[in-house]
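Protein chains in written order, with my numbering: chain E, 1 to 391; chain L, 1001 to 1391; chain A, 2001 to 2391; chain X, 3001 to 3391.
No lab work stands behind these hints: they were computed from the structure. Certain hints may be false.
Stated by the list, open to error - With the C-beta cut set under 8 Å, the calculated list includes, among others, these residues of chain A facing chain X:
hint, residue
1, F2019
2, G2062
3, E2064
4, K2116
5, E2296
6, I2337
7, T2356
8, I2360
C-beta: ideal position from N, C-alpha, C; glycine also.
There are 4 protein chains.
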Amino acid sequence: MTPNSSTSPINVALIGYAFMGRAHSNAYRQVGPFFAPRRVPRMKVICGRSGADVERARKSLGWEESATDWRDVVRRKDIDLVDVCTPGDSHADIAIAAARAGKHVFCEKPLANSLKDAGRMLAAVEKAGVAHMICHNYRRAPAVMLAKQLISDGALGDIRHYRGTYLQDWMSDPAAPFNWRLDRAKAGSGALGDIASHSIDLARFLVGEITEVSADLKTFVPARSMPPTDARRGSRRAPRSREMRTVTVDDAAMALVHFANGAIGSIEATRMAPGRKNYNRFEINGRLGSIAFDLERLNELEVYFESDPPHLRGFRTIMVTEGSHPFVGHWWPPGHIIGYEHTFVHTVYDLLEAITNGTIPTPSFIDGVANQRVLTTMERSAKSRRWEVVK
Amino acid sequence: MTPNSSTSPINVALIGYAFMGRAHSNAYRQVGPFFAPRRVPRMKVICGRSGADVERARKSLGWEESATDWRDVVRRKDIDLVDVCTPGDSHADIAIAAARAGKHVFCEKPLANSLKDAGRMLAAVEKAGVAHMICHNYRRAPAVMLAKQLISDGALGDIRHYRGTYLQDWMSDPAAPFNWRLDRAKAGSGALGDIASHSIDLARFLVGEITEVSADLKTFVPARSMPPTDARRGSRRAPRSREMRTVTVDDAAMALVHFANGAIGSIEATRMAPGRKNYNRFEINGRLGSIAFDLERLNELEVYFESDPPHLRGFRTIMVTEGSHPFVGHWWPPGHIIGYEHTFVHTVYDLLEAITNGTIPTPSFIDGVANQRVLTTMERSAKSRRWEVVK
Amino acid sequence: MTPNSSTSPINVALIGYAFMGRAHSNAYRQVGPFFAPRRVPRMKVICGRSGADVERARKSLGWEESATDWRDVVRRKDIDLVDVCTPGDSHADIAIAAARAGKHVFCEKPLANSLKDAGRMLAAVEKAGVAHMICHNYRRAPAVMLAKQLISDGALGDIRHYRGTYLQDWMSDPAAPFNWRLDRAKAGSGALGDIASHSIDLARFLVGEITEVSADLKTFVPARSMPPTDARRGSRRAPRSREMRTVTVDDAAMALVHFANGAIGSIEATRMAPGRKNYNRFEINGRLGSIAFDLERLNELEVYFESDPPHLRGFRTIMVTEGSHPFVGHWWPPGHIIGYEHTFVHTVYDLLEAITNGTIPTPSFIDGVANQRVLTTMERSAKSRRWEVVK
Amino acid sequence: MTPNSSTSPINVALIGYAFMGRAHSNAYRQVGPFFAPRRVPRMKVICGRSGADVERARKSLGWEESATDWRDVVRRKDIDLVDVCTPGDSHADIAIAAARAGKHVFCEKPLANSLKDAGRMLAAVEKAGVAHMICHNYRRAPAVMLAKQLISDGALGDIRHYRGTYLQDWMSDPAAPFNWRLDRAKAGSGALGDIASHSIDLARFLVGEITEVSADLKTFVPARSMPPTDARRGSRRAPRSREMRTVTVDDAAMALVHFANGAIGSIEATRMAPGRKNYNRFEINGRLGSIAFDLERLNELEVYFESDPPHLRGFRTIMVTEGSHPFVGHWWPPGHIIGYEHTFVHTVYDLLEAITNGTIPTPSFIDGVANQRVLTTMERSAKSRRWEVVK
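Work out the full structure, taking the sequences as your base and the hints as a guide.
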């Protein structure tokens, strides 16, 4: 890859238009006005299987064209960047095809549904010499960036403990219907790949490589009712008797972990914690201090320094909304908080700048593979019922 | 005003391009993708005094044209809505001219720098039969809307106490330089009009009309240095010796208030509270419960119900991020928080819908005048050193 | 008064055995084991009007004797210290008699039901040359002591704002029956003297003298039912039809205040804030920092320093449970919190040490009179509806 | 054991006079005035190895006699209850001797330094037919009692997750000197037995039996300097060069756990978490709700109910200070918080009442053995690096 001195727009194709498609679209719309990247994104085409649905999405999300065949789209000459927002079972096919067509690739997490696929994806983008990035957007919450900076600067000293929990509650009720995220074939795994993967990424970003794990997976609700076919199609006919479907993924995942640098930790994810909506929380204890973060209050970072005078030590709640904080100067004055979707804008900005610079952004597919390796080892450990080395 | 059955865009002219101009521009860009109003806004023209600056703003904020003479702009045939984001001393002239030209008017707070001007503005829009709205955007934080709903439903019973504080700290340091917000001629008043006005608006929205006040205004730092002329012009010549300028507004404002419904309260605003960045907080106590809100955690509402079983009573922290909460369904899933600027999107959405429906949105200029009347009475009380009736 | 080099016990007579009597008794029992004062208190006699009740109290609270006539008790040769825990209407008589008999006097707040009585009490103790103290125990919460220390050391710079609220909810329900605290003849005033007096004491302790006030008093529930006579006597006969009695004190008190040092503030007390149980909270903003305290979390102090690096500023929550914090070293290791009653133990300890040293402890009756003066001025201002000078 | 209808005092012998000795002594002093047990404790004799030290403790803590040979003490005819507050390595000898002498036994946690010893202790007390209790005092924090009540009543539905962390920071600094708690021979284990044992007890109390564990133990600081001999003896001679001593216990312990009822969980304890002083926290998620507790705010319980209306759901912070809450009615009015030591008073009260009733209080030595079994299994799992069944 060579830096591209041009200031021409970067033409984007987005594959998928559901939750993540909306979040990525917003990022492409907002990155220009607030971050003024040297090369702005041009929202060229959005692609999905249902022509009518994707056309509706096109209109509401602001794309120029809609399409239904991703194979055509990723080969289009006028596309620079392919953004993969589909369920995990199609990531590999799309990303590899895009890389072979010479496109930069931005892919939702987890990178793939298997470590093998993830490896193939990495090989493909490296062979093609394109930029590649996995969307672990929470790295770019300003508070997380500040945490990273504090750790890198040694302000916390040697890290000893990482405690990551990602808690949600939307599957707590056994009456909540089946959906694709409960289907192993589609989603690869459950809470593990969907949300523990974020906690693993933050652990790797902030503490370092995970070397071994002892993990546990649990499915509390083994089967759920299918939503009535009609509902699925938007019709209003009376539902037939409810068909049950086996849940083939975990509802909850827990693991003890060891880090290469000697730190120890735990990672837990569940969709069964009533009251926790998007509680992606970590606490890190180092020799010289501690930090804590909670995504539900993403504008805040709690920090404790042993270097404060003994009678004045305490966790301080930093409003990470100052102009001097990472990314914040592009938004609003101090105390004017930002939201969930801003983390995607930051991610996309860094991706665009990397493409312009001819560099590989982070987290890249290398991180995606490393993350997948941890996920896979956790599944292995949950089966073997013993510590397993990440490899 | 008659409802306009057309679905043609609403053409907007924005006067002013500073902080509020950026926030309003963002709202016009975002309201379409997320709220799908029947008539979308078309960002026609942005207007400011400096041609070069406004052209830069045009590009970054996404407007079609830039202009430097607001008198021309508000008369343009192709403009439907004039959005006034200038300092308070020009609100009346612009809004009245716009109304006379038959344009709908959206105006930043406070409505004007005097009650007389505010009254003239209201008269003008009413005579013209146009839609008019004052931008007290915090009404439309979902948590504030939920608070309103609880009060309207009687869930808190008769309201007894309102306690509103709007605390910031950006003027705490006496070395912070002079700016237009410290100039009575430009800004009308200091913390009073700038931020206490928001607290007054929330009090009126949630509790009702304020009937009398006992107020106090204080200027802690009586003079501040001018920023070097060169800095003001962006040049790099060495600054001359620093000129001092008298601060002609209040740094802090406090008031006791009585409400028409028998409730009592206090309102305080200051720019001198270290650590409080945008701490627009209120607590309301009713016969049957209490609520508390803090803009720095705008996705949360604290609520206490006397109707809970005695051993289970407690302030609950509601994450106001559910699809069933006001406005939230248009954004993200539960627990995925929104930010400061979203309150403007909600406000603009309701404004556009009101224009489409041929109705007057709230808060309208009627509220702007009522707010101004309270502000004016507070100034009068601060001078007379006694309770004054709001009139 | 001369220091008493003896290490003989200090013989105490306690007048009153209700809520405050229990809290003071506990302090006398606990001060020895934890603080080892040079002269320990000897719990000689407890005095109340009803012989049977006071004898029960004697047994459960650990006093040697009980008595029913305080006039006899305060004259007893073997009494060194008279502790006045009765309703406010009898403070003056008891304290003055005790002083005349040469006893040290410890008195619950407010000092008296009138400024005149408070002045007579001060004159009496000064003439007698005895130690005198008013029980504003919250000064001696370790977190409040730490706040005082920070302010005295200049760590907050010049103080600009004091914001004190003391919120409770036990009178919120109009069905809650009448009691002596609602009777002006007994209690002097309502929320004002009962709890605003604490907030005034903290303001005076931490910020300085209050020079003028604009106050407001409100009675939301003008009459309440008497508890059935039988219930008052503990009998079980059926209650007669409920007699209503006029509430002659305020349910809520609010004031704006000016301090001698140029700071401004507000003080509010109410018994009508559902969910606030004992919410004695203050926030103080100085030129260089801020502090906040809430009695419901009395082991914590929130502190913000402008001197922290800009990107690391935030309110830190100090667990005031370190051995280096005021009083704490006498209790438990860090993080092992103390409770409400410990503030009385600290107060009594300092009282005993002052008596041993022959000094006057603080807050003394001088503070009690000053506090009463503010209370009286607030009542005057509430009537005159204007600012009144404290004098 | 038969109920003892007498109301004679229960004569207590306390073995040990350090931190726990002080906390237990306070409980014996306070239980009478606040709880009025039918049989009050009589603080007969305190016993320790150093005659001078124990005599000082006797005076300050309020015991009638001091002694230096526990073997004599536990055989005294006038002793009813032996309270064991020594390091873990002497628990078994003392408790067994006491039981054989027919005394009721109250013992600090962990019950012993080995499962074998714990079993012998249980056998001894059961054979002797005396009352036995292990001091897991945190069960009797009112908020924990409320949590238990909610779970027992089914208010949380089936429990799915337990997340217990007990974090402290007093060993974080490698320069902190060696002490007996770091010596396996004395203490049995480190953070595991000292504080994880509390978290295990709360898990068993609130969720149920733990059936299998995967655990990890870590020693971050392998050796520490001995405090100078002189310091240990209180002399002031200059210390000699510092001798290092190997730390033979864990600094931190982590485990995944399975419960008999199908719930899963994690338990972690460390003395290396800067800023966490006594952070004994748990969160429990059930099918119908969640609760969270933190010992540093022990007067509060956070509770979330799925049964609340969807738009009003949120974690409520219950101030567990109402008269209707467990134990609270014996202390102060609502909002007047209690402290750490009160949990011991509650524990001792229930112990005294059980002795009076002739019943076995909980947690008994049966619980102590069960707890020890989990601790032992965790140690085994940490070595085998696999899940181990608790047996």
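- Task: Determine which of the earlier numbered hints do not hold for this structure and return their numbers in increasing order.
- Result: 3, 4, 7 and 8
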